[in-house]
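Now for the letters of each chain:
There are 2 protein chains.
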Amino acid sequence: MSRFKDRVATVREMSRARGWDAVILTNNDPHASEYSAPRWRQVEWVSGYTGEGVIVITGDHAGLWTDTRYFIQAERQLRGTGIELHKTRVQDQVLIPEWLSRHLEGYDEVVIAVDGLGMSASAVAEIREAIGPDRTAIANVPDMLSPLWSDRPAIPQTPIITLGAETVGWSRTQKITWIRKWLRENGHDAILLTALDEIAWVLNVRGSDVDYNPVVISYLLVTPDTVQWFVRKGPLAPDDKETEDSFHELTADGVNIQDYSDTGMALSGIVDDDYVKSLFVDTATLNHDLYGILKENVPRGDVISGKSPVALRKAVKNEVEIAGMREAHLEDGLVMEKFLYWLEKMVQAGEPLNEYECSLKLHELRSGIEGFRGESFETISAYGANAALPHYVTPEEDSAELYANGLYLCDSGGQYLFGTTDITRTVPLGPCAPLEKEDYTLTLKGHIALSKIVFPKGTAGCQLDVLAREPLWNSKRNFGHGTGHGVGFYLNVHEGPQEFRQNFNKQALMPGMITSDEPGIYREGRHGIRHENLILCVDAGENDFGRWLRFEPLTLCHFDTSVVVKELLDDSEVKWLNDYNERVFLTLSPRLPSDVAAWLRDKTKPI
Amino acid sequence: MSRFKDRVATVREMSRARGWDAVILTNNDPHASEYSAPRWRQVEWVSGYTGEGVIVITGDHAGLWTDTRYFIQAERQLRGTGIELHKTRVQDQVLIPEWLSRHLEGYDEVVIAVDGLGMSASAVAEIREAIGPDRTAIANVPDMLSPLWSDRPAIPQTPIITLGAETVGWSRTQKITWIRKWLRENGHDAILLTALDEIAWVLNVRGSDVDYNPVVISYLLVTPDTVQWFVRKGPLAPDDKETEDSFHELTADGVNIQDYSDTGMALSGIVDDDYVKSLFVDTATLNHDLYGILKENVPRGDVISGKSPVALRKAVKNEVEIAGMREAHLEDGLVMEKFLYWLEKMVQAGEPLNEYECSLKLHELRSGIEGFRGESFETISAYGANAALPHYVTPEEDSAELYANGLYLCDSGGQYLFGTTDITRTVPLGPCAPLEKEDYTLTLKGHIALSKIVFPKGTAGCQLDVLAREPLWNSKRNFGHGTGHGVGFYLNVHEGPQEFRQNFNKQALMPGMITSDEPGIYREGRHGIRHENLILCVDAGENDFGRWLRFEPLTLCHFDTSVVVKELLDDSEVKWLNDYNERVFLTLSPRLPSDVAAWLRDKTKPI
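The listed protein sequences correspond, in order, to chains R and U.
Residue numbers for the first sequence follow our numbering, so the first one is 3 and each next one is one higher.
Residue numbers for the second sequence follow our numbering, so the first one is 3 and each next one is one higher.
Keep in mind the hints are simulated off the structure, nothing from the lab.
In this text, all values refer to a predicted model and were calculated from it rather than measured experimentally.
Yeah, the Cβ is synthetic: ideal placement off N, Cα and C, and Gly gets one too.
Mixed in with the good hints, there may be bad ones.
To spell it out: a stretch of chain U is covered by chain R in this simulated footprint if at least three of its residues, at any positions, have a beta carbon under 8 Å from a beta carbon of chain R; those stretches are [stated by the list, open to error]: (1) 450-460; (2) 501-508; (3) 543-555; (4) 582-594.
PhoX-like mimics (lysine-lysine), calculated; alpha carbons at most 25 Å apart, straight line [as the list claims (entries may be wrong)]: (5) U/K508 - U/K309; (6) U/K508 - R/K478; (7) U/K508 - R/K508; (8) U/K478 - R/K508; (9) R/K439 - U/K454; (10) U/K478 - R/K577; (11) U/K439 - U/K478; (12) R/K508 - U/K89; (13) R/K297 - R/K309; (14) U/K478 - R/K454; (15) U/K89 - R/K454.
Let the sequences and hints guide you as you build the complete structure.
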């Protein structure tokens, strides 16, 4: 542990030497990706804590800010580092801007050091604003930790593939035409895209630069006449034929490929052109460093920040994407049922089996699907009390043994050339305690309520979120994470702009959006439960009261009914559960081995 | 009808003569009160339309903007006036600022005439912003219509009474001390209160200057050393001993009483003082005219706008106020049960009876309560299809006859010296159609779901609103109004800042807040249903998952169960309904005449 205490001390020393009052360290890559490559995991390097969060180091304090999902993990991993945990998403939370402003209250002038690559322009602006713009100097130090971090990994560079319109519905030419129309209609001369999934969507390219997220580290500039893609273009590995082919295809479509390391310089030149009077950027994903360069180099115009139009367009899946997602969920469902069958047999036979072996088995099964490209996130395979950590990381070594009692939770998903999946099932491995059954059932009630709601067009996810919580709330239980996130098409498993969450996100749900429905409950030291399907928003017709929408579950895998407390369900919930399980059986059984199909028949019999 | 066509023409003429491109007419008094005295009902004067809304008159268009509640009424009353209905709170609504900006798009310079007394500073600012601040001139014309409106009523002046701490919990001295503390903590030198209910709350005064709202037309300036109340101070009516006594009491408490008509001039002098560097106002209720005067007269400082702190403080009732509200609901419940008993007997006996006679009966019964000060809003007494207008105004003449079938809706409330009530009951007068029963039951399910929810501290009303809609939504039905509003203590029946509504109001619900729970359903030409109780937010304890809140119904009046479709209710809903009705019976029956008590016993037997 003292290794990390030393690292904090080193950062503090550097800080003192350079006259900084506070240093902010993030795990962010230069694109504000949710997950980042090892190169950018500065929080992890300095603290040893492997979850998400942000670290602030001042002369007399070192703190980690993270949310409810990571409290238990952070408390464990920060032991002995001298870094204090600051809880977010709790009542009376004090977020970093406010904390800094209070902590540095006495100072006339304050210097805050940030790695401008690792913080979005808007995050830096917010901190400046909170402390007071007049007395705050931001020291922008790109790659701040490189001098201290001797074995710092390089920027990732992985093979790039392209997807055709037969897979994604819209060709890149159609997408670029749509962006140019948007530029015209909104009076902008150019747009710089910085979010990696948005760039992958526009160009119909995929890579594996970020674990689980099939994206390519790059920037994309679209003007009325040009498309410039700033990407790690070479030298390519000798056997990387895929990337070479992809570059040829893109070039043929009019995409000008430039090197990622030249982005700043090249952009300065481009936007210095006469015609760029209004350059549109999204400062939520544009990093502070590049924003500074742009601001200096659009002398005859303005850098206008707003919400990138790509995010919403990407979230509304077209018919081809929806068909692909259905196919992915069919394949993934077959895998899940085979896995759950195997799991039950193993446990019942008393075979030694641990959490990590389960995730390996699941990986092996998914690997058998043609077009499988890897997991969509790290599998959470958690038995008993381990499942009480919503974002539990299953250790490779000494992971927990499974026994024929209590609940096992598995949250996993696959990336396929034709879609992305994300599913959680919590299954009994044998006898369960009454509280486990009750929690299981109440959480399922919440899952069902959200899944079967019919709602007026224009409704936002935050207006529906309570449906998934009501059964838990009414018995004074709750969960500390959002109820659902958008999911990309063979792209990031977490995407916006819609979500189910207790916030005030006004984004309306729209037909074609795919979102997870995953209420849970977590009891430290006891058990954890989560029920997750992906649900597709579809039209539900119009009547005197207006236009209606509803959801359709894409995920195909039965919910175990043996631990359901039937008296806690009303008739419509029992019907939903029986109908769903029956649909799972009818859809999957023809393609399952006969022993698994027979088992599934039994598992899906009506309650 | 042509009378109103002529009035529109007259306004247009004046407009042309003075070079205005658009005139905006509101029903607002100078304090942005929800209801206003007849003097300020300019929309009504020009159009004959008696609901809420705003009128815009340009050279070639006259339009009324109003929301779903008033569509049917507006369509009826605007017939023949040439004024077009613009619908708000609907999808694709175009609100006035946006409409003006589009309609006046061609113009280089635009002059918008407003009666600065009838529009809040923020509403005017929003319009300027939408059209473009550079090309928009606002012509502020206080009392614009006075030259055309020959018999325009005077500013109301009614007797003023005071309430003691034994009734309201906090003395005015305590409240002023609290405001001064708030000023210190927030770095302001003075606060100008402009919302009439906030002023009444601070000074513990009540009047009847606005129908149903027991407020006094006035402004209140609080500084660290002075309290200045600008009010219609005289000459008082010779027999108005109450006001004289109130003025004496207030003066003794250090309140300096000045005349309402001197407000502008007096304020100019006061804020011109050296020490006023920061004058706090709430531009949501401060009118444009007075805001202009202030802006010109705080030369050494700033007029800072924000949310008045009084609104939230007032919404959280103290123990004394809660006790008073309970008492008010007990008295009001006795009245309601006597009324419903009388109604049923009359209808069953075949006695001729119309909607207006029902509201008279209800008034007569409430008048028998000591401390009754009048209705808290105009009683909605609506039979059959008339109830499909959520804000139906029961006509005095030729109101509809009641027959022994279908549903009758009554929405009413009382102002008492010790509290305010607001209750809606929808009752069957005889056989009902299956759709009436189904609508009745689904709406009741929604009412119950919101009433019995347990929720974490920090939850906002907009996050709970869907609970009241879910049962309706799931059968593709809905209602076009909010689910609930805050209610004052012997003050306005509609108050903020909390509410249940499909918006993104972040105000958390807090123990002590009193809010209505009133889902409904309206079928034009058929029937209207609404079930409304006032519910008090109370603490529900703390556990591992955090602190919990819940609601307690204050309203005491049974829900008719004869038209409930029991199969549509789950066990917990049946239990809630039976428990509630039983509580109503046990609480009220000892104080009801024996025939009414016996009838209520029958009405409240468990289903």
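Hints, verified against the model:
For the stretch 450-460 of chain U, the assignment as covered by chain R holds, since 8 residues bring a beta-carbon within under 8 Å of that chain's beta-carbons and 3 suffice. Counting residues of the stretch 501-508 of chain U whose C-beta lies closer than 8 Å to any C-beta of chain R gives 3; at least three are required, and the coverage claim holds. Only residues whose beta carbon comes within less than 8 Å of a beta carbon in chain R count, and the stretch 543-555 of chain U has 7; three or more means the coverage holds. Restraint check on the stretch 582-594 of chain U versus chain R: 0 residues with Cβ-Cβ distances below 8 Å, three needed, restraint violated.
A distance of roughly 13 Å separates the Cα atoms of U/K508 and U/K309; the hinted pair therefore holds under the 25 Å criterion. With a C-alpha separation of about 22 Å, the suggested pair U/K508 and R/K478 falls inside the 25 Å cut-off, and the hint holds. With a C-alpha separation of about 12 Å, the suggested pair U/K508 and R/K508 falls inside the 25 Å cut-off, and the hint holds. As the CA atoms of U/K478 and R/K508 are separated by approximately 22 Å, the hinted pair is consistent with the 25 Å bound.
As the CA atoms of R/K439 and U/K454 are separated by approximately 24 Å, the hinted pair is consistent with the 25 Å bound. With a C-alpha separation of about 19 Å, the suggested pair U/K478 and R/K577 falls inside the 25 Å cut-off, and the hint holds. Restraint check for U/K439 and U/K478: the C-alpha separation of about 16 Å stays at or below 25 Å, so the hint holds. Straight-line distance between C-alpha atoms of R/K508 and U/K89 comes to about 21 Å, which keeps the hinted pair within the 25 Å bound.
Distance restraint check for R/K297 and R/K309: the Cα-Cα separation of roughly 18 Å lies within the 25 Å cut-off, and the hinted pair is therefore satisfied. Our distance criterion of 25 Å between C-alpha atoms is met by U/K478 and R/K454, whose separation comes to about 12 Å. Using a Cα cut-off of 25 Å, the hinted pair U/K89 and R/K454 is violated, with the two alpha carbons roughly 31 Å apart.
Hints 4, 15 from the earlier list are contradicted by this structure; the remaining hints agree with it.
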